[in-house]
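So the protein sequences, as listed, match chains A and B. Residue numbering for the first sequence is 0 to 148, as defined by numbering that gives the first Met the number 0. Residue numbering for the second sequence is 0 to 142, as defined by numbering that gives the first Met the number 0.
Possibly wrong hints are sitting among the right ones.
FRET-style restraints, in silico, Cβ to Cβ [stated by the list, open to error]:
hint	chain 1	residue 1	chain 2	residue 2	range
1	A	V3	B	G33	29 to 37 Å
2	B	P93	A	I145	23 to 31 Å
3	A	K39	B	T98	43 to 51 Å
4	B	G8	A	T117	42 to 50 Å
5	B	N7	A	L79	41 to 49 Å
6	A	Q148	B	V29	26 to 34 Å
7	A	V16	B	Q124	24 to 32 Å
Honestly, the hints are just simulated from the structure, not real lab data. Since the model is a prediction, treat every value here as computed from it, not as a measurement. Yeah, the Cβ is synthetic: ideal placement off N, Cα and C, and Gly gets one too.
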Amino acid sequence: MADVSKVGLGLPPYVFVVERVKIKEFAEAIGEKKPVFLTKEAALAEGYLDIPCPPTFITLALQEFTGAYLKAFEALGVSLKNVLHGEEEYEYLDEIYAGDRLTCDMHFESIVEKKTKTGPMDLITLRTLFFNQEGKEVMRAKSLIIETQ
Amino acid sequence: MLHYVDFNGLEVGDSLPSLTKDPITKVQLVRYAGASGDFNPLHTDDSVAQKGGLTGVIAQGILIMGFMGQAISGWVKTRDLKRFKVRFMGMTYPGDVITVKAVVKEKKESDEELFVICDTLAEDQNGKTKVSGEFEVLARTGV
C-alpha cells in the first residue's frame, strides 16, 4: 500500500512546454475540429492571444512524457498494475496558450485507506499547481488515484 | 463562427445541446496514446488487455474526459471555463458511441459576476454512464 509517511512531500518542480504541435495532435486524437485550437488566426479572431489550451490538454503534463504520475507512484511505493484513476479535477485560474512554459509542482496531498468488500484500498490525492513563464499561477489539478491490492 | 451558449439565459434544470461522438476506434486509442504519452498497453494491445481479463483494449478514461472537454468548449469559450471535475465510472471499448450531456445545476453570483454550475456526463449507446462530473463557467454578458 502507499507510503503514508510521504504525505505532504512531492516531486521536484518540472517544466512542461505547451507545444503547438502537441495541441494539434491532441485535438486530432479526440476529434476536436474547432479552428480555435488548430490555427492561430482562428484563435486571434476569437479574441485570444494565441491558440488556447483545450480544457483537458493539461493531462499531458501529468502523463508519461513528463513521467510525473509514474514518479509519484514510485515515490509512494505504489505498483502501476494496481492503480485506477478515480477522479480528475482542473481549476482554471488564467489563460494558457501555445508556447507557454509551465512549471509544474506536484505534491502528495493525502492518502486515505478505505475498507471495501474486496479488501482495503488507498485513495491517493495528487495536487499539482501550474505556473506560467511569468510566475503566475494559471491552473490547479487534483488527481484521485485508487490503489487496490 | 461558433455559437456559444448564452449561460445568462439558462435556468436550473435546463439542458445544453448534447454532443454525440463517432464510434471509438482502436486507431483513435493509439493516436491518443501517442498524443498524451500514456502508453499503458491496456489501451493499445489486445493481447495484454486479454491477459488482464478484459475482452480487449479499453479506452483511456482521460480520452472520454477529452470528449467532455470538447463539448464544453463548444458551449463556452475556454477562457470562461473555471472548473471541471470528473469521476471515472466504467470502462469504454472500441465501437462505443459516446454522448456528452449537461444540465444546469446551480447559478451563483459572486462579486457581481454570474457563475453557472452544470452536471455533465458521458454515456454510451446503451445509456450507461462512463464518466460523470461537473463544470463551472463564468456567464459573461454579450458573448
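Consistency of the hints with the structure:
In this structure, V3 (chain A) and G33 (chain B) meet the distance hint of 29 to 37 Å, their C-beta atoms being roughly 36 Å apart. Between P93 (chain B) and I145 (chain A) the C-beta distance comes to about 24 Å, which sits within the given range of 23 to 31 Å. Here the CB-CB span from K39 (chain A) to T98 (chain B) is close to 31 Å, at odds with the stated 43 to 51 Å. Take G8 (chain B) and T117 (chain A): their Cβ atoms lie about 47 Å apart, and the range 42 to 50 Å holds.
A hinted range of 41 to 49 Å holds for the C-beta pair N7 (chain B) and L79 (chain A), which are about 46 Å apart. A C-beta distance of roughly 31 Å is found between Q148 (chain A) and V29 (chain B), which places it inside the suggested range of 26 to 34 Å. Between V16 (chain A) and Q124 (chain B), the C-beta spacing of about 38 Å breaks the proposed range 24 to 32 Å.
Consistency with the previously given hints fails for numbers 3, 7, ordered from lowest to highest.
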